[in-house]
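Asker: Just need the whole structure built from these sequences, with the hints factored in.
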Amino acid sequence: MGSMASEMELAVDILRDKGIPAAGLRLRVFRPFPAEGP
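In terms of numbering that gives the first Met the number 0, the sequence shown opens at residue 0 and continues consecutively.
Treat each hint with caution, since some may be false.
To be verified - Quick list of simulated restraints, FRET-style, between CB atoms:
#  : residue 1 : residue 2 : range
1  : 28        : 8         : 34 to 44 Å
2  : 35        : 8         : 15 to 25 Å
3  : 34        : 11        : 11 to 21 Å
4  : 14        : 35        : 31 to 41 Å
5  : 6         : 35        : 15 to 25 Å
6  : 7         : 30        : 16 to 26 Å
7  : 31        : 4         : 28 to 38 Å
8  : 10        : 31        : 16 to 26 Å
9  : 28        : 6         : 16 to 26 Å
10 : 34        : 7         : 25 to 35 Å
These aren't lab readings, by the way, just hints derived from the structure by calculation.
All values derive from a computational prediction rather than experimental measurement.
Every residue, glycine too, gets a C-beta built ideally from N, C-alpha and C.
Answerer: Below, the structure written as structure tokens:
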């Protein structure tokens, strides 16, 4: 997920340079949903 954060920062910088308000989120924990329901 670290590589995604750097891509997100680059995209946000490009959008801001064009005058488009943008922000990004960094995920600290990723836990996928279980394959089966409860």
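Asker: Compare the structure with each hint and give your call.
Answerer: Now for the hints, and whether the structure bears them out:
Remark: the range hint 34 to 44 Å for residue 28 to residue 8 is contradicted by a beta-carbon distance near 19 Å. A hinted range of 15 to 25 Å for the beta carbons of residue 35 and residue 8 is inconsistent with their spacing of about 36 Å. Residue 34 and residue 11 have their C-beta atoms about 33 Å apart, which leaves the hinted 11 to 21 Å range violated. Separated by about 39 Å at the C-beta atoms, residue 14 and residue 35 satisfy the suggested range of 31 to 41 Å.
Separated by about 32 Å at the C-beta atoms, residue 6 and residue 35 break the suggested range of 15 to 25 Å. In this structure the hint that residue 7 and residue 30 lie 16 to 26 Å apart at CB holds, the actual value being about 20 Å. Take residue 31 and residue 4: their Cβ atoms lie about 18 Å apart, and the range 28 to 38 Å is violated. A beta carbon spacing of about 24 Å between residue 10 and residue 31 agrees with the range 16 to 26 Å that was offered as a hint.
The given range of 16 to 26 Å is respected by residue 28 and residue 6, whose C-beta atoms sit roughly 19 Å from each other. Between residue 34 and residue 7 the C-beta distance comes to about 28 Å, which sits within the given range of 25 to 35 Å.
Against the hints set out earlier in the document, violations occur for numbers 1, 2, 3, 5, 7.
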